[in-house]
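K.L.:
Sequence:
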Amino acid sequence: MEKILKYLWLFVIATCLNACNDEEALTPSGEELFPPKEQTELDKQLAKMYSDYNTVIEYRYIKNLLPKDWYYITPVSIDYVLPMAQFLKDMWIAPLEAGSSKEFVQAHFPRMIVLVGSPAYQKDGSVVLGQAEGGTLIRFTEVNYYSETSRSWKQGQLETAFHEYAHLLHQTFNLPDAFRQVTPDSYTKNGWMAVTSSEALKRGMVSPYATSAFAEDFAEIFSFYLSATDEELDYYFNQQPVNSAQDVDLNKGRALLMTKLNILVKFLDGIGMDIDKIREDLQNKLDNLDN
63 MEKILKYLWL
73 FVIATCLNAC
83 NDEEALTPSG
93 EELFPPKEQT
103 ELDKQLAKMY
113 SDYNTVIEYR
123 YIKNLLPKDW
133 YYITPVSIDY
143 VLPMAQFLKD
153 MWIAPLEAGS
163 SKEFVQAHFP
173 RMIVLVGSPA
183 YQKDGSVVLG
193 QAEGGTLIRF
203 TEVNYYSETS
213 RSWKQGQLET
223 AFHEYAHLLH
233 QTFNLPDAFR
243 QVTPDSYTKN
253 GWMAVTSSEA
263 LKRGMVSPYA
273 TSAFAEDFAE
283 IFSFYLSATD
293 EELDYYFNQQ
303 PVNSAQDVDL
313 NKGRALLMTK
323 LNILVKFLDG
333 IGMDIDKIRE
343 DLQNKLDNLD
353 N
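So the sequence shown is residues 63 to 353, counted in the working numbering.
Hints may contain errors.
[Said to hold, decoys possible] In silico DSS-like cross-links for lysine-lysine, where the CA-CA straight-line distance does not exceed 30 Å:
| no. | residue 1 | residue 2 |
| --- | --- | --- |
| 1 | Lys125 | Lys216 |
| 2 | Lys216 | Lys185 |
| 3 | Lys151 | Lys339 |
| 4 | Lys339 | Lys328 |
| 5 | Lys339 | Lys264 |
No wet-lab data here; the hints were simulated from the structure. This one's a predicted model, so the numbers in the text were calculated from it and none came from an experiment.
Could you put together the complete structure from these sequences and hints?
P.N.:
Here it is as structure tokens:
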């Protein structure tokens with residue numbers, strides 16, 4: 063009997079060990095989630111460039127740092143990493159500091175910036191140009207399209223940068239309820255892709271995507287006001303001549319937009335940001351790049 067019990071006990075131990083080994087085989091290792099990396103000269107340059115902000119620039123393809131619903135992703139080309147990092151520092155961080163302070167930006171800046179070479183596609187066919195996560199991480203796509211001469215590429219990246227920074231702000235500070243109450247019944251969630259630019263403006267929003275949610279509306283106005291041309295701002299925020307019933311509806315939307323902008327300006331002023339100073343610095347830099 064003692065021998066039988068002994069053999070049974072050995073069998074149980076062996077079975078448990080095999081089960082543990084099988085479980086370990088199914089569990090991804092730390093290296094699979096976060097591949098080991100050597101500190102390259104590029105890493106050292108990036109660390110020095112962003113040391114004041116305690117921010118890591120991640121350009122390697124690390125699956126755990128990318129959303130599961132992003133498809134057809136291409137890693138960023140190594141040749142564009144440093145130029146993109148410098149572009150963001152000059153055209154994004156510097157204007158933010160011009161409209162607040164270096165201390166403010168240091169205190170409210172993502173701890174990680176992830177660079178992706180291509181656009182990111184979702185199942186519904188929409189293209190993701192950037193994403194903020196929890197106020198600590200911002201992802202940029204289309205970095206492989208980097209161009210020193212393309213105004214449209216620069217403006218697109220800056221729209222993403224300021225849009226995602228706006229999310230960081232509203233994830234950090236409580237936005238005023240007054241903003242939400244301007245157009246409370248005009249958000250369409252996933253239906254935004256069927257909304258035209260004119261329809262969005264009639265609802266008091268600067269883009270179809272702004273109709274998807276209250277937070278996106280806030281981020282779109284913040285980003286648009288900073289990166290748009292003077293002509294674009296005039297068209298969206300100022301009353302235009304009326305020649306048709308549609309013009310009347312568009313002007314009603316412009317009035318709603320101006321109400322939101324005034325609320326946004328007051329909110330930013332309360333946390334220590336001057337949006338007009340940010341815009342002035344950014345637009346001057348864009349003009350200098352074009353010349």
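K.L.:
In ascending order, which of the hints set out earlier in this document are inconsistent with the structure?
P.N.:
As far as the earlier hints go, not one is violated by this structure.
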